[in-house]
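Undergrad: Using the sequences provided together with the hints, build the complete structure.
Here is what each chain is made of, one letter per residue.
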Amino acid sequence: MLKRLALFLSLVALAAPLAAQQPPIKIGAILPLTGSGASYGVWMKGGTEMAAEEINAAGGIGGRKLEVIYEDHAADASKAVNAMRRLVEVEKIPFTLTSYSAPTLAIQPIGAQNKVVMMNGGGQSDNLANKDYLYNNIPVVSNEVGVLCDWLTKEKKFKAAVMIVANDEAGRNSAKSFRDRFGAGGGRVLAEEQIALDGNDFRAQLAKLKAHGGDLLFISSYGRNVAIVADQARELGITIPMAATSWVQIPEVMKSKGAQGLLTTRLPFNPESAFARKFKERYKTDAGFFAVQYYSGTRIFAAAAEAAIKKAGGKLDGEGVKNAIESIKSFDTISGNLVFQPNHAAVMDIEVGVLKDGKVDVEKVIKAAP
Amino acid sequence: MAAYIAHYLVMVGIYTILATSLNLLVGYSGIFSLAHAAIYGIGAYASALAALKLGLGFWGGLVVAAMVGALAAALVAIPSLRVAGDYYIVASFGLQVVILTVFINWTSFTNGHAGLPGIPRPYVLGLVIDDPFKYVVLSLALAALTYLICLRLTGSAFGRTLRAVREDEIAAAATGKNVVAVKITITTISSALGALAGSLYAHYITYINPTSFTLDESIFITSLVILGGTERLAGPFVGALILLAVPEALKFLAIPDTVAAPMRQILYGALLILFMFVRPEGILGRPRPRSVA
Amino acid sequence: MDLVLQLLATGLVVGSLYALCAIGWGLIYGTTLHFHVAHGAVFALAAYYAYVAQKLLHLPLILAVLVAILGAAASGLLIDLLLYQQLERRGAFRTSIFIASLGLLILLENVIAIVFTPDPMRMDIGALNTAVIIGPVFLTYLHILTVVLALVGYAALMVFLKRSRWGQAIRAVSSAPEMARTVGIDLDRVHLLTYAVGSALAAPAGILVAMDVGAEPFRGTRFVLLASVGVIMGGIGSIPGAMLGGVFLGLLENLGIWKLPSEWQSAISFGVFLVFIVLRPRGFFGRTIHGAEI
Chain Z
0 MLKRLALFLS LVALAAPLAA QQPPIKIGAI LPLTGSGASY GVWMKGGTEM
50 AAEEINAAGG IGGRKLEVIY EDHAADASKA VNAMRRLVEV EKIPFTLTSY
100 SAPTLAIQPI GAQNKVVMMN GGGQSDNLAN KDYLYNNIPV VSNEVGVLCD
150 WLTKEKKFKA AVMIVANDEA GRNSAKSFRD RFGAGGGRVL AEEQIALDGN
200 DFRAQLAKLK AHGGDLLFIS SYGRNVAIVA DQARELGITI PMAATSWVQI
250 PEVMKSKGAQ GLLTTRLPFN PESAFARKFK ERYKTDAGFF AVQYYSGTRI
300 FAAAAEAAIK KAGGKLDGEG VKNAIESIKS FDTISGNLVF QPNHAAVMDI
350 EVGVLKDGKV DVEKVIKAAP
Chain W
0 MAAYIAHYLV MVGIYTILAT SLNLLVGYSG IFSLAHAAIY GIGAYASALA
50 ALKLGLGFWG GLVVAAMVGA LAAALVAIPS LRVAGDYYIV ASFGLQVVIL
100 TVFINWTSFT NGHAGLPGIP RPYVLGLVID DPFKYVVLSL ALAALTYLIC
150 LRLTGSAFGR TLRAVREDEI AAAATGKNVV AVKITITTIS SALGALAGSL
200 YAHYITYINP TSFTLDESIF ITSLVILGGT ERLAGPFVGA LILLAVPEAL
250 KFLAIPDTVA APMRQILYGA LLILFMFVRP EGILGRPRPR SVA
Chain A
0 MDLVLQLLAT GLVVGSLYAL CAIGWGLIYG TTLHFHVAHG AVFALAAYYA
50 YVAQKLLHLP LILAVLVAIL GAAASGLLID LLLYQQLERR GAFRTSIFIA
100 SLGLLILLEN VIAIVFTPDP MRMDIGALNT AVIIGPVFLT YLHILTVVLA
150 LVGYAALMVF LKRSRWGQAI RAVSSAPEMA RTVGIDLDRV HLLTYAVGSA
200 LAAPAGILVA MDVGAEPFRG TRFVLLASVG VIMGGIGSIP GAMLGGVFLG
250 LLENLGIWKL PSEWQSAISF GVFLVFIVLR PRGFFGRTIH GAEI
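Residue numbers (numbering that gives the first Met the number 0), protein chains in the order written: chain Z, 0 to 369; chain W, 0 to 292; chain A, 0 to 293.
Hint data in this document are derived by calculation from the structure and do not stem from the laboratory.
Since we're looking at a predicted model, the values are computed, not measured.
Hints should not be assumed to be uniformly reliable.
Unchecked claim - Under the rule of at most 20 Å between Cα atoms (straight-line distance), these lysine to aspartate or glutamate pairs were calculated in the EDC-like manner:
1) Z:K91 with W:D129
2) Z:K175 with A:E262
3) Z:K256 with A:D123
4) Z:K156 with Z:D214
5) Z:K254 with A:D123
TA: Following this line, the structure appears as structure tokens:
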């Protein structure tokens with residue numbers, strides 16, 4: 000009896016390492032799942048999920064399954080910091096997707112210190128460039144603002160603008176960029192008012208801006224409040240055209256009455272692509288640019304991680320992933336070839352057009368500067 | 000798992016300092032301030048800016064925080080010299096809102112909502128405190144120090160004067176106590192200690208922004224004092240142990256995050272109500288003679 | 000000049016909302032001395048009652064509003080009956096009632112957040128959204144309705160307090176509770192009535208805001224805080240004072256940013272309040288409360 004038990008146990012001991020699954024590769028995704036930016040969250044999480052599932056269906060990364068840990072920052076950088084600390088110190092991730100400018104800037108020192116790679120697919124503040132361990136697969140906002148201002152001043156001949164600005168990193172950064180580029184094109188910014196992302200009554204600020212006149216209202220904000228700004232501006236009798244960059248293009252804004260006629264930029268996104276159709280089928284809502292962004296971000300990680308594992312002979316850590324990204328540099332994504340510039344940001348073609356009937360009527364395409 | 004517990008203990012230490020220093024006002028002086036989160040924030044920003052802009056380390060930041068906190072105490076003290084009770088509560092609401100607005104909008108100083116990232120970790124005798132386990136020692140040590148300071152203070156003659164002022168200000172003044180000096184002293188000490196907690200927090204999380212110092216936070220600190228037991232110096236510590244454990248315990252249940260956060264708050268609100276029915280004097284409090292309506 | 004007039008108009012509209020909250024809260028506080036912060040939860044609930052009545056039960060708007068007002072009155076009454084009166088029976092101190100009220104506010108707001116999500120729930124207000132242009136001032140019918148309802152609510156309350164028997168009972172309890180009990184007034188019943196009336200006054204404010212920008216679970220905290228500030232500025236125990244205090248706060252918030260940057264709005268209003276309370280704790284019309292003033 001004892002002999003048989005010993006035999007059985009030794010067989011089990013031999014078989015165990017063979018049968019044991021390699022532990023999954025865990026990565027983080029710190030996204031705006033709730034709050035004024037929840038619409039972005041739906042896209043970002045959906046894109047990530049779809050990518051992870053496809054990767055796992057094809058055998059995973061280096062034979063290991065990919066597991067994404069989703070965290071909600073709700074536009075609050077402290078929540079992002081707490082999530083990042085948990086992911087780094089407890090889950091020991093090598094990589095995380097991140098979103099929004101202020102939360103990303105807040106977690107960046109933690110990532111850099113602990114050698115964890117961060118991939119930002121949504122935040123656009125210029126300050127996100129040139130940061131250790133942080134990569135942006137989206138162009139910084141000054142690229143879009145530059146294209147927008149060129150078009151507004153040279154072709155649409157606007158001369159005097161007023162601005163309504165979200166009182167956070169991204170809003171203020173974009174406003175600064177607008178001031179510079181609109182001025183460079185011969186225009187003047189007459190006045191600026193600040194609003195909160197989660198606010199819902201902007202009449203006082205809009206009334207003050209109206210008193211300054213001007214021929215254009217630039218909305219340097221994003222999320223649900225943009226729809227409210229547009230509606231309330233029209234309600235107050237502000238008739239001048241409004242302009243904004245691509246980040247405002249969420250369903251609430253596209254459908255809002257006040258926002259029709261908005262002069263805006265657009266980053267490449269094909270609503271007829273196979274990806275868009277699969278997304279719509281699965282999540283019952285139209286895909287958007289950010290869905291593709293986070294799908295791509297996840298796939299970029301998969302490619303870099305595979306390379307890192309091969310190089311390190313089976314091990315995977317943040318430093319390895321970073322080195323892989325640096326050496327691969329140019330990634331093939333479903334929206335074309337993505338090249339990380341020396342400043343750790345991407346460049347893309349930028350379109351300009353007018354929001355009409357819930358869609359952007361594109362007038363021009365400006366090719367990406369290399 | 001161990002990292003979770005270490006983090007919990009660090010926060011217990013920080014909140015013990017906050018709640019104990021608030022107890023000096025709420026429990027011992029009858030000054031019901033709902034602006035303590037603002038003081039906490041003032042300490043955090045002072046320390047963070049001292050470290051980031053002036054290059055002072057944690058200890059320098061701590062001293063700066065305590066000094067700035069002591070100065071800010073004037074804001075807490077002045078209304079207490081004119082109004083008390085419910086009036087004072089509303090005044091402290093107002094103070095909390097004003098200071099938070101400053102945190103959010105004085106962007107050249109505080110960077111507003113974007114906050115201040117990259118706050119350096121402390122060095123103790125050449126050793127950098129860079130993981131929760133080491134931080135637990137620092138946090139609990141400072142909490143113990145706070146406790147001892149308050150113990151000395153409330154046990155002394157000054158402590159007795161404090162209680163006299165709380166019970167009946169007019170009578171206390173009539174017996175020659177300098178009520179103004181007493182109030183200014185206690186708010187200064189309370190604010191300096193609260194600011195100290197802010198410094199500890201800033202260098203632990205290494206990032207601060209205004210959302211950590213809102214009215215909700217003030218209410219939370221106040222409930223630590225009330226539920227732990229006012230008038231007993233160890234009350235706030237017990238309050239912190241229990242109230243900080245509740246959300247952590249909830250994390251082990253598999254609830255989606257969007258429901259978990261309001262669920263924690265519901266539990267918290269229910270706890271407050273329950274305590275007022277079952278043990279209004281708090282866990283460690285001395286049952287006071289009930290007045291029959 | 001155009002700007003000042005626009006800000007004045009917006010200030011009057013917002014002030015009307017604060018005034019409705021203030022007179023309701025002030026009535027309750029002046030009569031019961033409960034620091035009823037859960038009034039903010041009643042404010043929020045009223046908005047959701049109206050939303051549910053219109054969007055889920057498909058009632059016409061006016062009926063939905065009436066249902067909501069009655070619902071709010073009932074909610075306030077139940078809070079007193081089931082929470083405050085029970086605590087008082089156990090000999091609770093006023094601080095305990097305040098803490099319990101705070102606990103209830105937090106609890107109710109978060110229950111709403113789970114059931115309805117924290118996102119704003121919009122209502123259909125049809126023609127009320129139409130623009131009304133008075134000179135250089137742009138408003139909507141909804142805004143005008145807000146001011147009208149505040150005046151109507153105030154007048155109705157004053158008439159009720161001065162002319163009706165129950166109103167006089169409330170005033171008796173408010174100014175001299177022991178005396179009122181001696182002459183046979185049932186304090187508990189009067190308290191319940193006070194809560195019903197006070198909560199019914201908060202309802203239109205909550206509903207009007209919901210009709211403008213949508214119902215949200217956590218908005219009530221801000222409104223009850225401002226209501227208490229308005230009541231203190233107006234003077235505790237004075238309904239006209241609370242009305243004035245609320246309107247004054249609305250005007251201060253909007254006119255205050257005429258020349259100052261708008262993001263400092265809250266700081267300006269509360270800053271002025273802090274200076275005011277240090278200089279004149281009694282408020283515009285209040286009586287001195289023993290133990291509250293020094």
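Undergrad: Each hint should be assessed against the structure and marked as holding or not.
TA: These are the hints, each one checked on the structure:
no.: 1; hint: Z:K91 with W:D129; in the structure: 16 Å, holds
no.: 2; hint: Z:K175 with A:E262; in the structure: 17 Å, holds
no.: 3; hint: Z:K256 with A:D123; in the structure: 15 Å, holds
no.: 4; hint: Z:K156 with Z:D214; in the structure: 10 Å, holds
no.: 5; hint: Z:K254 with A:D123; in the structure: 16 Å, holds
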